[in-house]
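Protein chains in written order, with my numbering: chain A, 1 to 451; chain B, 452 to 749; chain C, 750 to 1043.
No lab work stands behind these hints: they were computed from the structure.
Treat the numbers as computed from the prediction; the structure is a model and nothing was measured.
There may be inaccurate statements among the hints.
Simulated pairs of lysine to any residue, SDA-like, Cα-Cα distance not exceeding 20 Å [unchecked claim]:
1) B/K666 with B/L647
2) B/K525 with A/A415
3) C/K867 with B/S457
4) C/K866 with C/K948
5) A/K354 with A/E364
6) C/K1030 with B/Y553
7) B/K598 with A/V283
8) B/K504 with A/Q103
9) C/K867 with B/T465
10) A/K307 with A/N297
11) B/K717 with A/Q218
12) A/K307 with A/E395
13) B/K717 with A/A89
14) C/K948 with B/L473
15) A/K250 with A/T191
16) A/K67 with C/S815
17) B/K463 with C/A938
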Amino acid sequence: MKKILALVMALCMIFALAACGQSAAPAAPAATEAPAEEAPAEEAAVASSISLWTYPVGGYGSEETVKAITDAFTAETGIEVTVEYLTYADGDDKVNTALTAGQAPDLIMEGPERLVSNWGANGYMVDISDMFDDTDKSEINAAALAACFAPDGAAYEYPLVMTAHCMAVNLNALKEAGADQYVDLESHTWTTEQFAEAVKALYAKFGGTVGAVYCGGQGGDQGTRALVNNYYGGTFTNAEHTAYTWDDAKNIQALKTLYDMEGIDFDAAIVGGDEIANFYNGVFKMAFCWNIAQQLNPNSAGTGEGKTLNGDDIVFMAFPSEDGVANLQGGIWGLGVFDNGDAAKIEAAKTFIKWMCDSEHTPEAVRASNFFAARSAAEGVDLSGVWADNEIMNEYTKLMPMLGDYYQVTTGWAAARTAWWNMLQQVGASDGSEDAIAAAVAEFCGQANAQ
Amino acid sequence: MPQTVSPRLRRKETISAYLFLLPSLVFFLGFVVFPMVLCIVTSFFDANMNANKPDVFIGLANYVELWQDKVFLKALVNTIIIVLVSVPVVCVFSLWVASAIYRMKEGPLSFFRVVFYLPVVTGSVAVTVVWKWMYNNYYGIFNYLLKGAGLIEKNINWLGDPKYALACIIIILLTTSVGQPIVLYVSALSNVDNSLVEAAEVDGATNMQCFWRIKWPQIMPTTLYILVITTINSFQCFALIQLLTSGGPNYATETVMYYIYYTAFKLYRFGYGNAMGVILAIFIAVLSAVQFRLAKES
Amino acid sequence: MSKRNGESRAYRIFSVVVLIFLAFLFIFPLYWILTGALKTPAAINSATPEWVPSELTLRNFQVLFSKRSAPLFQLGALVGPTVPAAIRWLINTVFMAVMAMILTCFTASMAGYALAKKRFLGRYLLFSLIVAAMALPKQVILIPLIREMSALGLYDNIWAVILPTVGWPFGVFLMKQFSEGIPGEMLEAARIDGASEAKTFFSIVVPMIKPGIGALAIFTFINSWNDYFMQLIMLTSSSNLTISLGIATMQAENSTDYGLIMAGAALAAVPIIIVFLVFQKYFTRGITMGAVKG
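Next comes chain A alone, as it looks inside the complex (with noise of 0.2 Å):
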C-alpha cells in the first residue's frame, strides 16, 4: 500500500516537474510578463516587449518582410517585438479562442470589419481616438478615416495601407475567343453588357466554367459581394451603416441573371485561394477574388508578375456595372490595440503604432505590405511616390478613385458575412427561379439584421 502512494507522488512529482519545465518553456510569454510586471511602478512606463499578430496583408504573411521592419524597430526604441502569423482560414478562430482565454496579444493588424466592428464593438480594444490630430485626419483618407472610427466616436484602428478588390481576366483567352473586344484595356473598366458578351464568348470558345461565385466560406467575399452589388446598382447595407439591405430588388435580379448565365456557376465547394488557384491553372478564365497583391504574385506560387501558370496574361478589371462605373469593395488595414489592462503595454503598442503609420517609416511600411499608402504624407513625409518606380501599381492606381463605400464596419459583420454565403449555397442549390432566389436572399438577409 505504502508502495502505491509512494508511486503516487512520484508520478505527481514527475507530473509537476515536467509541467514546471514546460511551463517556463513559451519564454516569449513568460520573459515579457516579468518586466511588464515591473513596468508600473514607473508611471506612463512603456513596455519594453510587445507582441504583434498580423493577418497576411499583403507582404505581411512573410516573416523576412515583417522581421526586418520589427528588427528596425526595435533597434531604435529598445521595444522587442514578438510576432505571430494569422490566416485567414484560422485566424479569427485564435483571436477569438485567445480572447476568450484572455491572452489577446496586444497589438493586431488586419482591417475594419475585425478591428471596429468585431472587437472594437465588443470591448476588447482600447480607443486610439487620441492618436489623431487634425494633421493626421486632413492627411488620412477620408474613407479609410471613417472605417477606423465606431459610432460612439471611438477608434480602433490606426489604417496603414489600403486598396480596391477588383476581378481579372485571363487575356489569351478572351483573345482566342474573340471577346477581347469587350475589355477596355486603358480604363479597366466594363458594363453589364461588356461582361456577359465576353463570358458567353469564352463559354462558347471554352465550354466548362469561365467564372465561379464561389461560396464554400472562409475568405473572399469581397469579390461576390462586388460583383453582385455592381451588376444591377443594388446595395448592401444602408449608408448608415446600420442595416444589410442586400434584400433590394436589384441584388435578387443580379442573382437570377448570374444564376442563368451559362458559364458562371455557383460553386460551394471552393473558397476565394481555390477561385485563384483554378484562374491561375487555367480552368477558370476569370477570378473576381482579385487585387493588387494578386497581380503582383498570383497565386503566391513566384512564378512571375501578372501571368499564369501557362504564361498567359492576367489583366486585372473593375466589376461590371451597368454604366461602367464600379463602386470597389476596399480593403483599409492597420493596428489596433488589444486592452490587456496594462497602461505601459498599451503605451508600447501605440509606439509602435506610430511608428509603423505616422512616421519617416511609413513608406518603407507600406511598400512591405504590396498596397497604397491610406495617407499623403506622414509627419512630413510624402507618400504619394511610394510606388513611383512600379509599372503595374502605378497602373493599378486607375481603380482607386472607384473606390466604394467601406460598408464591413456594419453591425453583426461577422455573423453578416456567413449569411451572405450561406444565401449564395442557397442560391446555387435552388432551382433559379425568381421566388426561390428571393426567399434565399430574404432570409439570410434577414437574419444578418438579426444580429
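Mind docking chains B and C on chain A? Use the hints.
Relative to the frame of chain A, chains B and C by itself:
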C-alpha cells in the same frame, strides 16, 4: 457477491481501488468532467464574448430556442445519419475485408492490414488535402474516371452539391475508420474454432449457415467492441468538415459538433453553444447505454 | 482445398480484384502527398494530374523550412539557436505525443485494473461515467476547457493539449477490458503470499496486460499526433505550434501553395507512419487480445 465480505475488508478494498484510480481520476475529472459541468451551468446563461456585457441567467431559454433552430435540427439529423450509416457500414465492410484476407499467407495479410490502416495513421488533416482534390469539380479524379468510363456526362460537383456532400464526407470518414476493425476481425476470425466449422461442413451446412451459426456467435464480442469504437470515431469528424465544407453547402454537412464551434466563435453565443453540447452529450450517453445493454445481453 | 468453406473460385478471384482496387484507393492519398511534396509548382497547380512526377524538386521543402523560424528550444531563460520553425514544430509534436502516451498508459493501466478486479463503492457509477464520456466530442467542452486552461496558466502551452488527451477515458476502458482476463486465482494467491498491492500490480498484472499497454501506447501516440482540433484551439505562438497546425499557418492571403501544403503534410505524416510500421506487430497483437476478450 458469493460470500459476505467483512466491512473492514471492503473498506480496505475500496481505498486501494481509489488509490489505483487516483492518477487517472485527476485527469478525467479535471479535464473532462469538470468542463462538462461548467458547460451545463453555462447553458442556462446568455453567455457571450462581449467583455462589457455580463452573462445573464435565462433558465431554459437556450434549450427552447434550440428546438426552433432549423440549422440545429438539420445538424442533429446529419449527425445521426453519419453515425447510423458509418457504424454498420464500417462493421460490414471490415468484416468482409477481414474474411477475404484472414486465410492469406503472412506477407499479403500484413500488407493489406497495413494498407487499410494507413489513412488512420496519416491523419485527417493530411488525408483531407488529397480528398479535396479528388472530389474537385473541374479536374478531380472521380469526375475524370467517371467521365472517362462514360458513366456521367457532366462533371459532378461532389462537395458543392447538397445531394452528395454528406456522402462524400462519410466516405472519407470510412477510410479513416476501418483500419482497426479489420485488424480485429482478422484475428477474431482466425481464432474461430475450426473443428466446429469442419463438423458442420460434414453435416452438409452451407457456407452461410456455417457463418451465422458458428462463426458469428464467436466473433460477437469483437463486433460489439467495434461498434463502440466506430461510434466514438463517427463523432470525431470535425476536422473533415471544418477543412472541407464548413458545414455547407446549404447546411448539407452541418453537424452538431461543427455547429457548436460555429455558434461559439462566429456568433459568439457561448451559452447557446453549450446548450447544444449538453444535448449532444445526452444523446451520446443514451447511445452508449444502449450499446452496453446489448453487450451485456449477449 | 476447393471444398474448404465451399467458396467458389470465381468469388475468390472477385474478392482479390476488389481488394487490390481498394488497396489502391487507400494508398493513393499517401502516394499523392509524398509525390506532391516533390513536385514543381507548375506540376502541382496543373489542371491535368501528373500521376508520376516528371521532375523532382526540393523547392517545397526549402520554402517550408525558410518561411518561418523559431528557437530550437526554450527552457526558462535558456533559448536555443534559431532554426526553421518546422523543426521546432516536430519536436513539439513528438514531445506532446510521447507525454500523452506515457501518462495515458500509466494512469489507464492502474485505473483499468482497479475497475476490472476490485469491488468498491461507486464502481458502477464511475464505469458508467467513463462509458458515457468516451464518445464525447471535444467540441462540447471547448469553451469551458479554454477558460480552465487559461486559469491554470496553460493556454498556449503544449500541456493544454496533453492533459485533456490523458483525461479522455477510452484508455481506462481499454485497459479494463484487458484486466478482465487476469485470472482471479493468481491475484488471490499473491494476496495469500502477503504481496503488497503495488507488488501484485507490477509483478502480476502488468506482465499480463503488457500487450494491451503496447496497443494503448501506439493508439494514444497516433491519436494525439493527429488531434488537430485541440491543437488548433489551445496553441497560438509559433514556437509552441505542432506540425499540422504550423503547416496551416503558412498559407498566404486568399491563395494556396499546394506544394507547400503537401510538403508539410508529408513531414507530419512520415514520422508517424514509420512509428506505425515499426511497431505494427505489437499493435495488431495488442488490440486483438483486448477486444476478443471483452
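- Going through the earlier hints one by one, which of them does the structure break, listed in rising order? none
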